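**Student:** Here are the chains, one letter per residue:
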Amino acid sequence: MAAPLLELTNVSTHFHSPAGRVRAVDGVSVSLEAGQTLGLVGESGSGKSVLARTIMGLLPSYAEIPEGSAITFDGHNLLTMDRKARRAISGPGIGMIFQDPMTSLNPVMKIGQQVYEGMRHHFGTSKAAGRERAIELLTEVGIPQPDVRVDQFPHQLSGGMRQRVAIAIALACEPKLLIADEPTTALDVTVQSGILDLLQREQRDRGMTLILITHDLGVVAGRCDQVAVMYAGGIVETGSTRSLFARTRMRYTQALLDSIPRLDRPPHERLKSIGGRPPNLITPPPGCRFAPRCAFADAKCEAGIPPMQADEADSTHRFACWHPRDPEQATEEVA
Amino acid sequence: MSQVLLDVRDLVVEFPTRKGLVQAVSGVSFELRRGETLALVGESGCGKSTTARAVMQLPRPTSGHISLEGDDLVAAGKRDLRRLRRRFQMIFQNPIASLNPRKRISEIIEKPLKIAGLLDAEKRRQAVEELLETVGLDPAVAMDKRPHEFSGGQCQRISIARALILEPDLLICDEPVSALDVSIQAQILNLLEDMKQRYDLTMLFISHDLAVVRNVADRVAVMYLGRFCEVGTSERLFDNPAHPYTRALLSAIPVPDPTVTPKPIEMIQGDLPSPISPPSGCRFRTRCPVASDRCAAEVPQMRDLPDGRAVACHHPLIGG
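Top to bottom, those sequences are chains A and B.
Counted the way this note's numbering counts, the first sequence spans residues 1 to 335.
Counted the way this note's numbering counts, the second sequence spans residues 336 to 655.
Everything labelled a hint here was simulated from the structure, so no lab data went into it.
If you're wondering where the values come from, they're calculated on a predicted model, not measured in any experiment.
Built from N, CA and C at the ideal position, the CB exists for glycine as well.
Any given hint could be a false lead.
[Said to hold, decoys possible] What follows is a set of in silico ranges between Cβ atoms, one per label pair, in the way DEER data are often shown:
1. A:Arg242 / B:Glu570: 47 to 55 angstroms
2. B:Asp345 / A:Thr139: 24 to 32 angstroms
3. B:Leu356 / A:Arg265: 41 to 49 angstroms
4. B:Leu416 / A:Pro107: 50 to 58 angstroms
5. A:Ile282 / B:Leu356: 27 to 35 angstroms
6. A:Pro286 / B:Val476: 21 to 29 angstroms
7. A:Thr283 / B:Lys446: 15 to 23 angstroms
8. B:Phe350 / A:Ser29: 52 to 60 angstroms
9. A:Asn280 / B:Arg481: 13 to 21 angstroms
10. A:Lys300 / B:Glu404: 53 to 61 angstroms
11. B:Leu356 / A:Thr139: 32 to 40 angstroms
12. B:Glu366 / A:Ile282: 36 to 44 angstroms
Chain B extracted, bound-state conformation (with noise of 0.2 angstroms):
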């Protein structure tokens, strides 16, 4: 097995906000081997982005432990967390709020080399036009022109080479393609592929999507208010999901064939509680169907299947 690249420790994401502390992460562990793309998969509010934004220092956590290869991130100084991020890198849902409307493309991938420190104006300008080629784009015409004359797609075409130009190891994609229309969200899936194999990248992705994430990640991490339900490779989980909160998700996915008439979803209707005041024990148990009362009283922890996943459920839907 390749070696842990990103390792992620009881991470802990609070905000004070004026009707109290929000518990958007709460005490979060994963791993990330070298190669692997891991997908975070909830609904809104249940902290993915926050744990993606953490693992990038955007901001700092509140507590846990993240490192890079050894590098303690949370620990790092700001210059020393400088020098780091060349190697972990992030793309954005809003492909075209994320660029410099006033920027040219060129100095918009070009960028980060220049805050590295990387290379002369020559060397990096051809650096960008080789970056703007693997993407996809036409240099000559795309070089001297600013985000607002590309569409949606173009421009995350755009992020990508941003985030690439410094040869990360790790790239965090957080909801890459939910701004985009099926036939551009394939055309980016395919180039996120091309762009991991070619560079040798370590992904973390999060998307609210399980079709998509069953297209691209190797395991797949389902949070449901700042917690993790279930880990495991995408094979299992989808398949045959242990915890009843993923069961959930997966029915709830609209089917494109008209023979399958849809089924009610498994869970119980109603709003996600507050991250303020989280439910006691399990925080999915007032919407969970199969919930019971040691639910409430006990927090169930992560604890592994014979198959190799790893889920939090006192009553979960395969044997363990």
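Looking at chain A on its own, in the form it has when it is part of the complex (with noise of 0.2 angstroms):
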């Protein structure tokens, strides 16, 4: 088996605060081969994001990486790089799209030069070249006019459109790696499914990477060949896409699945909601971080911390849960 790509080994992401110590990204470990696509699942402030902006090295200055931690991404390993050496790397090598096109592009910066902005500064491109560059990445996004479009500003451009341009401008050093954070959720679901047929397509024509980030188990299902689904800071269940939903284990992961609203149920149904809310990161459960609102969770739960365990089936498929669901089984009932 060839190298991976990308791999995470015990990543953790701490911020300080006034209130102590945040555990936004506790132990986090997952390895991506190259080509692969992963989504990468969870709820508000479970840390998708954070993790996200852990590899891209976009922290503030109040996070904190512990010891122990290790993010090697094609065979550098980025946390023991300096600034300089790990921006060579990790700028033109990876590239990254934020949830609101409007605030992550520059309002007062020409899309063109904001597409090729990235090649002059690692490749030294010339203008001229870039704006030619420019021009036939706008194309290949999907921009209609892209010879205007490139001398535009973002606000002449629609929600839809300015999410095409930051795809533009994440493929100009050619990465090998994408991550998209919420590229979609901005957007309407009919402008939605465009923007995720593009980036799925230029995944496989420039055999790319991509993450992508999603709290959508709809968008994951139909597009990404692997899952990891996070809750709290940590992942909680991975593995192939088919096996994750089919053979389901971690509590969490079902709960999540059984609470979406689903075109094909009858109407009024009682949705099976999650009680509660999710756990304070500052001094979260001394067990499984589900434990407080998973309906199977006993004193084994709320005293250790599950750990990842393989399933029968695929050991690819990961999951760290006390009392993992019987995948034979198609429904149970709340012990």
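The two chains are supplied separately, each in an independent frame; assemble them into the complex guided by the hints.
**Tutor:** See the structure below:
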């Protein structure tokens, strides 16, 4: 098997706040082979965006990555490099797209300039060549009249078009890894599928590795090879998309799937909601972090953190749960 | 069939801007029967929130008739409107921004009673406590806190309590769960369903999320660029859309099942036309895969199909 393009080993990110140390990401290990698509799923505050920013090196000054964390990208340990060396590797090597294309684009810089800014910085591309390449990229991401748009400003474009520009910027340096952090959350559903199709096409055509961060399990289901579910700073279940949906083991993953309203269900059906809310990450519960909200939790769950274990049918499908769901059983009643 | 609570006829809402007149809602008619939940769905900018706000008289519509069991809301004077407002209340998308950050929860929920001049201080406090309990918050803990001390889901519970304290007939919900996480969204949707039963509510529910709408609505109205495309029971409309736009919206929803491959959306990609100069004829025609010359020339009128729904399309997808 080829060495993974990205490997996170026991990665934690803590924030110093007046109230104490916030364990936003706590001991995440995940590895991703080149050309794969990973869906990183979780609710607000689960740590998925902080994890993305940790990989990108975009953390604020009050963040701390504790000893023992390692991020290996393309053979380099990003966390032990100095800033300049890291920038030379991950600057052109990793691209990122953010949720809100209005705030991630510079409102007072022409679109074309924003597209080739990275190329100029990393490869010393000339302005003329950069502008040409920008027009090509804008064409590629489906912007009509790219030769006109290249000299326009972000406010002259709709939300969906701005997100396409953000994708063009992220692709400009031919990254090996693209991280898309909720790229369609701010967009309408009819625009969403176009953006996701574009990301998927670029990923295939370029053989790029893609991390798609979303809170929407529907987005992940149809478009990712692998899924990792995060809860309260940690990955609680990960595996191939097919196995994770078909043989869901971790109770939180199942509860999350159950709480989604679905088009194939009758109207007014009572939704299975998850009671309570995610824990405070300054003083997280000592055992399983989902235990306080879990219908299946007992004393064991409250006492000790469940280790990651492999599913019997598929060893790459791993989960952290003391009382995992029996995947052979279709429905289970709460004990 | 139960009686009509809200009757909206030929509603028009326009906003003058420097670039021209924005035609946000262009002639929308519907009725809402007692105990029913009608959902308005559509993309951003389709006029669904503007329609809801026009019903609330926030601001008053440009033209059209809105009556609440015979009381004309558009014609009502300020004082009459204030009296009538007890009967229709609203909850908003952003639960934190819709609560005054400087007030205590008890003051926020009590305010509508005070404005209406109902009950004395002691009775009001009692009513607030009872309602907090009903919406799933502990009054002993919540009463004296301020909104920032609560999560988004809890703030939405507080907004619901504030809207229900006057025991309105009509509750207008404008994207009430869009800002919430899925697990919290399910809690609030269940709570709204409970409140509907308990207080005998009629609901106008605005959402862009068709799966949420499928769960809450009896009937659904699909809106595009200020006009209704299709109105019908949620089963009919979802299982067998008649308007190409309804079909497009449905085809765009990601399904949480990896065995289902995402299909291309059945709509011409492109931006929503400007509501300042909307397309002639059918407003959806510029993105419609089945549009013909007739669609550009003639505005399709709402007409009833044999199965009880109404559709505004020259080329509906099912016979009619």
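**Student:** Between leucine 356 of chain B and arginine 265 of chain A, does the C-beta distance stay in 41 to 49 angstroms?
**Tutor:** Given about 42 angstroms between the Cβ atoms, the range holds.
**Student:** Confirm or reject the claim that phenylalanine 350 of chain B and serine 29 of chain A have a C-beta distance inside 52 to 60 angstroms.
**Tutor:** holds (53 angstroms)
**Student:** Between lysine 300 of chain A and glutamate 404 of chain B, does the beta-carbon spacing fit 53 to 61 angstroms?
**Tutor:** Cβ of lysine 300 of chain A to Cβ of glutamate 404 of chain B: about 58 angstroms, so the range 53 to 61 angstroms holds.
**Student:** Regarding proline 286 of chain A and valine 476 of chain B, is the given constraint of 21 to 29 angstroms on their beta-carbon distance met?
**Tutor:** With a Cβ separation near 24 angstroms, proline 286 of chain A and valine 476 of chain B satisfy 21 to 29 angstroms, so the hint holds.
**Student:** That 27 to 35 angstroms hint for isoleucine 282 of chain A and leucine 356 of chain B (C-beta), does it hold up?
**Tutor:** violated (53 angstroms)
**Student:** How does the Cβ-Cβ distance of leucine 356 of chain B and threonine 139 of chain A compare with 32 to 40 angstroms: does it lie in that range?
**Tutor:** Check passed, 35 angstroms falls within 32 to 40 angstroms.
**Student:** So does leucine 416 of chain B sit 50 to 58 angstroms from proline 107 of chain A, Cβ to Cβ?
**Tutor:** Because 41 angstroms falls outside the window, the suggested range is violated.
**Student:** Using the beta carbons of aspartate 345 of chain B and threonine 139 of chain A, state whether their distance is inside 24 to 32 angstroms or not.
**Tutor:** For aspartate 345 of chain B and threonine 139 of chain A the Cβ distance comes to about 45 angstroms; the hint is violated.
**Student:** Regarding glutamate 366 of chain B and isoleucine 282 of chain A, is the given constraint of 36 to 44 angstroms on their beta-carbon distance met?
**Tutor:** Given a distance of about 52 angstroms, which is not inside 36 to 44 angstroms, the answer is violated.
**Student:** With 15 to 23 angstroms as the target window, see if threonine 283 of chain A and lysine 446 of chain B comply at their CB atoms.
**Tutor:** Because 35 angstroms falls outside the window, the suggested range is violated.
**Student:** When you take the CB atoms of asparagine 280 of chain A and arginine 481 of chain B, is the distance between them in 13 to 21 angstroms?
**Tutor:** Hint holds: Cβ distance 19 angstroms, inside 13 to 21 angstroms.
**Student:** Do arginine 242 of chain A and glutamate 570 of chain B keep their Cβ atoms within the hinted range of 47 to 55 angstroms?
**Tutor:** Violated - the Cβ-Cβ distance for arginine 242 of chain A and glutamate 570 of chain B, about 31 angstroms, lies outside 47 to 55 angstroms.
Violation of the numbered hints given earlier is confined to hints 1, 2, 4, 5, 7 and 12; the remaining hints are satisfied by the structure.
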